[in-house]
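J.: Could you put together the complete structure from these sequences and hints?
Now for the letters of each chain:
Protein chains: 2
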Amino acid sequence: MKTLSQYTIKRIMSETKRVTIQDIAKRADVSISTVSRVLNNSAAVGEAHRQAVEEAVAALDYRPNIFAKGLAGGVSMTIGILTQNISSPLYDAILYHVLQGIRDSGYSAIIADGQWHPDESRQSLQSLLERQVDGVIIIGGNNEEAHLIELAGAMPMVFVGRHIEGYEHLCICIDEYTGGYMATQHLLDRGHRQIAHIMGIATHPDAIARRHGYECALRDASIEPQAAWVVEGQFTQSSGVLAMEMLLTQGQTFSAVFAANDQMAYGARLALFRRHIRVPDDISIIGYDDQPHSGFTIPPLTTMRQPTDVIGRTATAAILDLLKGNPVATKPLTVDLIVRESVGRIYR
Amino acid sequence: MKTLSQYTIKRIMSETKRVTIQDIAKRADVSISTVSRVLNNSAAVGEAHRQAVEEAVAALDYRPNIFAKGLAGGVSMTIGILTQNISSPLYDAILYHVLQGIRDSGYSAIIADGQWHPDESRQSLQSLLERQVDGVIIIGGNNEEAHLIELAGAMPMVFVGRHIEGYEHLCICIDEYTGGYMATQHLLDRGHRQIAHIMGIATHPDAIARRHGYECALRDASIEPQAAWVVEGQFTQSSGVLAMEMLLTQGQTFSAVFAANDQMAYGARLALFRRHIRVPDDISIIGYDDQPHSGFTIPPLTTMRQPTDVIGRTATAAILDLLKGNPVATKPLTVDLIVRESVGRIYR
DNA sequence: CTGTTAGCGCCTTCAG
DNA sequence: CTGAAGGCGCTAACAG
Chain A
643 MKTLSQYTIK RIMSETKRVT IQDIAKRADV SISTVSRVLN NSAAVGEAHR QAVEEAVAAL
703 DYRPNIFAKG LAGGVSMTIG ILTQNISSPL YDAILYHVLQ GIRDSGYSAI IADGQWHPDE
763 SRQSLQSLLE RQVDGVIIIG GNNEEAHLIE LAGAMPMVFV GRHIEGYEHL CICIDEYTGG
823 YMATQHLLDR GHRQIAHIMG IATHPDAIAR RHGYECALRD ASIEPQAAWV VEGQFTQSSG
883 VLAMEMLLTQ GQTFSAVFAA NDQMAYGARL ALFRRHIRVP DDISIIGYDD QPHSGFTIPP
943 LTTMRQPTDV IGRTATAAIL DLLKGNPVAT KPLTVDLIVR ESVGRIYR
Chain B
643 MKTLSQYTIK RIMSETKRVT IQDIAKRADV SISTVSRVLN NSAAVGEAHR QAVEEAVAAL
703 DYRPNIFAKG LAGGVSMTIG ILTQNISSPL YDAILYHVLQ GIRDSGYSAI IADGQWHPDE
763 SRQSLQSLLE RQVDGVIIIG GNNEEAHLIE LAGAMPMVFV GRHIEGYEHL CICIDEYTGG
823 YMATQHLLDR GHRQIAHIMG IATHPDAIAR RHGYECALRD ASIEPQAAWV VEGQFTQSSG
883 VLAMEMLLTQ GQTFSAVFAA NDQMAYGARL ALFRRHIRVP DDISIIGYDD QPHSGFTIPP
943 LTTMRQPTDV IGRTATAAIL DLLKGNPVAT KPLTVDLIVR ESVGRIYR
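The listed protein sequences derive, respectively, from chains A and B. Each residue of the first sequence is one higher than the one before, starting from 643 at the first, in this note's numbering. Each residue of the second sequence is one higher than the one before, starting from 643 at the first, in this note's numbering.
The hints are simulated quantities; they were obtained by calculation from the structure and are not laboratory data. Cβ atoms here follow ideal geometry from the backbone N, Cα and C, with glycine treated the same way. No false leads were mixed into what you were given.
Derived coverage of chain B by chain A (criterion: at least 3 residues anywhere in the stretch with Cβ under 8 Å from a Cβ of chain A; other residues may be distant):
1. 696-709
2. 738-745
3. 771-778
4. 935-943
T.: The structure is reproduced here in C-alpha cells:
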C-alpha cells in the first residue's frame with residue numbers, strides 16, 4: 643500500500659495560495675529584492691518604495707513563508723525552549739510565562755524536554771539546533787557548561803535558573819542564598835531556635851545556596867548549625883516524607899523546619915500528620931517556591947515566592963532583544979524573593 | 643545601526659556543512675531522486691540501491707533538512723499541539739505524556755496555547771497551520787466545531803478530552819459520566835445518603851457529564867437529587883472555597899461532597915478547615931483527577947484517577963498512525979477511570 | 001526501476 | 001538605491 647498521501651494532502655489543502663513576496667512586489671511595483679530589503683530592513687530603501695511595500699504587505703496580509711526563510715539560510719522564526727521535566731509545577735509555571743511572552747512576537751516556540759538528564763538534554767538541544775531555531779531558552783538543566791558556552795557564543799541564548807560563569811548577562815537567576823536566609827530568618831523572628839532543614843539534591847546549586855542561606859541566618863542569630871538538623875531530599879514530595887521521618891526517628895529536637903521546596907514541605911507535613919503532630923502548633927513548616935497549592939494546604943503553607951512571571955517575562959524579553967540585534971543589552975538579573983505570609987499561625 | 647546580523651550569524655555557524663541528499667547520492671552512487679525515494683519510501687527502488695542508500699545514510703549520519711522538505715511543498719516533520727492553559731496540572735500531565743510519545747518519533751512538537759478562549763484558540767490553531775504542521779493534537783479547547791471538522795477532513799488531527807460528533811474515531815475522551823457515577827457510588831457505599839456536589843463550569847461538557855453521573859448514582863440508590871445540593875464552581879481552587887462556603891451558609895445538611903475536580907476539592911477542604919469542620923470525621927470529600935498533590939493532602943484525598951499517561955500515549959500513537967498513512971486506524975477510544983483508595987479514612 | 005529537471009519562497013551577491 | 005540572477009535542499013513530475 644502506497645503511503646505518499648502526506649504530500650498530496652498538503653498540496654491539496656494549500657491550494658489556497660498564500661501571498662508571496664512576489665505578489666507584494668507586483669502590487670508595490672518594485673522588485674522582490676526591494677521587498678525583501680524592507681521586510682528585513684537589511685539595506686537602505688527609497689522612502690517611497692518602502693511605503694508602497696508596507697502598504698502592500700498590510701493590504702495582502704502577507705506572512706513570510708518560514709520554510710523558505712529557513713532554506714535560504716536565514717531565520718526560522720522559531721525559538722527553542724529546553725525545559726526539564728514538564729509537569730514539574732515550578733518549571734511549568736515559568737514555561738507558561740515564557741510562552742506567554744513569545745505569543746504575538748511573531749516567533750513560535752518549539753519545546754524539548756531534557757528530563758534533567760545530561761544525555762537527553764544534549765540530544766534535545768541538538769534537535770533544536772537542527773531545527774535551526776533562532777534562539778534558545780534553557781530552563782534549568784544540567785548540560786555540560788562547555789557545550790553551552792560554545793553555543794552561547796554563536797547564537798542568542800539565555801539561561802533560566804542557572805549560573806554560567808562568564809555569561810551572567812545571559813543568566814536569569816534567583817538569589818537562592820538570600821531566599822534561604824530569609825526563610826530561616828522568618829522562623830527565627832517567630833522565636834524558633836532549633837530549626838531543621840530538608841535540603842534539596844545535595845549537588846544541586848540551588849539546594850546548596852538555600853542551605854547556605856539557612857546556615858548563615860542561624861549563625862547570624864548566634865546559633866551554631868547542627869549537621870544533624872539537615873537531611874537531604876530529592877525535591878520530591880515523597881522524599882519530603884522520608885526526610886521528616888528521618889528527622890523524627892533520629893530523635894532530633896526542633897520546633898520548625900525549612901524545606902528547600904514546597905513539594906518536600908507537603909511531604910513533611912504529611913509525615914507529621916501521620917504521627918499526629920500538629921502544624922503549626924507543635925512544629926512549624928516553611929516551604930519554598932510558592933506553589934499554587936501552598937495556600938490550600940492545611941494549614942496554608944508559608945513559603946518563599948518564586949516570581950515565575952517575572953522570570954518568564956524577563957527571559958523572553960531577553961532573547962527577543964538578542965534576536966532583534968540589541969546585543970548584550972541584558973544586564974545581570976537578580977530577582978528578589980517575597981515571603982508570603984500564610985494564613986496559618988506560626989509556633990510561639 | 644544595521645541589524646542584518648541574524649542571517650550572517652546563521653551562515654557562519656552553519657559553516658559546518660550538513661550532509662545533504664547529494665552527499666549520500668554520491669556515496670551510494672545513485673541519483674538524488676533515488677535517495678529521496680528510499681528516504682520517503684515513495685516509490686519502488688531496486689534492492690541493491692536501497693541498501694546502498696541506507697548504508698550511506700547511516701554512515702554519514704544524514705538528517706533531512708526540514709526546511710527544504712517544507713519548502714518543497716512537503717512535510718514539516720512537525721506536530722502542532724494546541725493545549726489550554728499551560729500550568730493547569732491535568733493538561734500539563736497529558737501534555738507531558740504526549741511530548742514523551744513524540745520524542746524519538748522524528749517529529750518535533752510545536753505547542754500553542756489556546757487559553758480556553760475561542761478567539762485565542764482559533765488564532766493559535768491558525769498559526770500552527772501556517773507553520774505547515776503535519777498533524778495537530780487538540781487538547782481540550784472550545785474552538786468552533788465547524789472549523790475543526792473542516793480541518794480534520796484535510797489533515798491528521800486528533801482530539802483529546804473532547805467529543806466531536808461524527809469524529810468519534812479521532813476523539814480520545816474519558817467516560818466522565820461513569821466517573822461521576824463511580825465517585826458518587828463510592829460515597830454511597832460508605833453509607834452517605836446526603837451528598838452534595840461541587841460541579842465544574844456549568845456549560846462544560848465534562849462538568850455536565852460528571853454531574854449527570856452523580857445524579858444517576860443517587861437515583862439508582864433511591865435518593866432524589868436535590869437541586870440545592872449542587873453548586874457551581876469554576877474548576878479552580880478558590881471557587882471550591884466559595885462553593886463550600888455557599889453550601890454551608892445555605893444551611894444544607896450533607897455528610898459528603900463530590901467535587902468535580904481535585905482543585906475544587908482542595909478549596910472545599912480549606913473552607914472546612916477554616917470552619918473547624920473535620921475531614922473526614924464530619925464531612926467526607928471525594929475529588930476527581932488524581933492530581934499529584936492528592937495523596938499529600940491532609941487527609942489524603944480520595945479521588946478519581948485520570949489516566950493521563952494512557953491518554954497521552956494514545957493520542958500520539960493516533961496521529962503518528964495517521965501520519966504514517968494508516969488512516970482511520972483509530973477506534974473510538976474510551977478510557978476507564980480508577981478509584982484510588984486514599985490513605986485517609988472515610989466517614990462511617 | 002532510475003536519472004534529469006523544474007521549481008517551492010526567499011535572501012544575497014553582483015552589476016548597474 | 002535598485003533589479004536581475006543564483007542557490008539553499010528536497011520533492012515531483014517527466015522521460016527514459
